[in-house]
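**Student:** Listed in order, the protein sequences are those of chains U and L. Okay, so the first sequence: first residue is 1 according to the working numbering, each after it adds one. Okay, so the second sequence: first residue is 1 according to the working numbering, each after it adds one.
Worth flagging that the hints you see were computed from the coordinates, not collected in a lab. Backbone N, C-alpha and C define an ideal beta-carbon position, used for all residues, glycine too. Take every hint as true, because none was put in to throw you off.
If you anchor each label on the Cβ, the simulated ranges turn out as follows: (1) P180/U x R37/L: 34 to 44 Å; (2) R22/U x L4/L: 50 to 60 Å; (3) G43/U x W18/L: 16 to 26 Å; (4) A6/L x F158/U: 48 to 58 Å.
The primary structure of each chain is shown beneath.
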Amino acid sequence: MSRAATTASESRSLHRFANPARFLRAADAVYPWALAGLVVSLGIGLFLALFASPPDYQQGDTVRIMYVHVPSAWMALFVYASMAAGSASYLIWRHPLGVITAKAAAPVGAAFTFLALATGSLWGKPMWGTWWVWDARLTSVLILFFLYLGYIALMNAFENAERGQKAASLLCLVGVINLPIIKFSVDWWNTLHQPASVSRIGTPAIHESMLWPLGLMALAFTLYFIVVLILRTKSEMLNARLRALGVADLGGR
Amino acid sequence: MEALLAFLDMGGYAAFVWPCFGLAAAVMIYLFVASRRELKAREARLEALRAASPRRRSGAAQREAAS
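So here's chain U without its partners, still in its complex pose (with noise of 0.2 Å):
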């Protein structure tokens, strides 16, 4: 394709995203405004779940645990979306912003897949009595974990860098399944894990001084995300052209 065309075509849609060089203006752009708006969302959201926001009738103050456990079960099924996505988009137009994207993703989505499944255990045990059950939404999420640990696994696994990207990317599309049955695994299957009280059809089921305190930290969260990502994908760029330099890397995973 012709310079003007390739130019002509990447202006009419999102694929100019994944060019590296208006990726990392973009991102440069974005970082403080993300950073300045985690700050202000995480201190008024922390102030409201810890404080302003009321215990509730039945589980006392271990509600306040659902402020964090919430928004950590959300981001680790979206990053895992943005994953997947990033990884179709390398697998069939060949963006590499999509795999080098993914792969820095990855640590940030176990990090809330885990912390999903420990507050929700610190949870459990004072509610339901225990720390742990397999239940299908706690089975199907730690299923999740392994998918993220398996993905980072195998992106490392090869000496050929090239390799690994295509089997890790091919592994998180396969896994995308898991996220349909994680979304209705409260509604097929009636165990102990209550069904979705803000994502559903009508009102949320919970009242505004909760779904204050919730929406906050879920957006502190979001951008918390973006902000990781934005280090992690530069940190990634880097990486590749210091190995196009022949030069090892000296600065970890």
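Add chain L to chain U, keeping to what the hints say.
**Tutor:** Below, chain L alone, put in the same frame as chain U:
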């Protein structure tokens, strides 16, 4: 003081609520700091390579200007 103790007690659930927030803070701060440190290390390494080799520096400068 009384109010502070009541707050820290979390209605008797302190042993579950505080580890939850502490763990989330620890994991998220660690990941942010580690990611940032890795980026800075790679930037410094690339910069050192440029400084060490004038030929590479001009090449890198051209690439920088082009991007």
